[in-house]
Amino acid sequence: QQQVKQSPQSLIVQKGGISIINCAYENTAFDYFPWYQQFPGKGPALLIAIRPDVSEKKEGRFTISFNKSAKQFSLHIMDSQPGDSATYFCAATYPGGGNKLTFGTGTQLKVEL
Amino acid sequence: NAGVTQTPKFQVLKTGQSMTLQCAQDMNHEYMSWYRQDPGMGLRLIHYSVGAGITDQGEVPNGYNVSRSTTEDFPLRLLSAAPSQTSVYFCASSYSRSGGQPQHFGDGTRLSIL
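First to last, the sequence lines map onto chains R and E. Under the numbering used here, the residues of the first sequence are numbered 1 to 113, in order. Under the numbering used here, the residues of the second sequence are numbered 1 to 114, in order.
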């Protein structure tokens, strides 16, 4: 049972465009929602994270939008660059669950020139 | 500062063989965990540890054993390798067991079971 559903599976964006990746969750106990970025041959690395008490968090060109009532959150990459080409994973943790991450299935992003 | 180091980077095994995947961190992190990554399935938690001497099961623990005798090391043992265990394995660590702590991942071990 996939508790965090992620879409699309793959995405192609032109340089300078906006990349949008969506995630939906089922467990309303989740209270921390990170996004991880993974380059080929490397491990995932934390990109940005949000807690459900805010609706948006921005760090440079990366923004998380969070909709608690819809149980959805999304990653927006503004002014996408070829160097952003990677696989992106959304994830979630819940109180009392330690730091166990429940991951989405990943989105492979390619930014074309 | 090496972060999280995993060895080996690649391994091919025959069905029924056993092996140990090594993971070491030099950040004095309390929390360590093992994930497997399969196409179309994201990363799934195998086992985790909240400190030396304390381990627990994750989502997909069958066929794997762990132990944590020191803060730094968290090896993953495959008892009798099966083709279904062909995957990329990632070790991760974080400062504490508290939810919301950034997790630091190693670069993975790519394991093929023939």
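Calculated from the structure, these hints are not laboratory results. Cβ atoms here follow ideal geometry from the backbone N, Cα and C, with glycine treated the same way. A couple of the hints might just be wrong.
Label pairs and their in silico Cβ distance ranges [what the hints assert, rightly or not]:
#	chain 1	residue 1	chain 2	residue 2	range
1	R	N27	E	P61	14 to 22 Å
2	E	M27	R	N27	27 to 35 Å
3	E	F10	R	K58	26 to 34 Å
4	R	T28	E	D56	22 to 30 Å
Covered stretches of chain R (chain E as the covering partner; in silico rule of three or more C-beta atoms under 8 Å from a C-beta of chain E) [as the list claims (entries may be wrong)]:
#	segment
5	40 to 54
6	86 to 94
7	103 to 110
Exercise. Are there hints from earlier that the structure breaks, and if so, what are their numbers?
Worked result: 3
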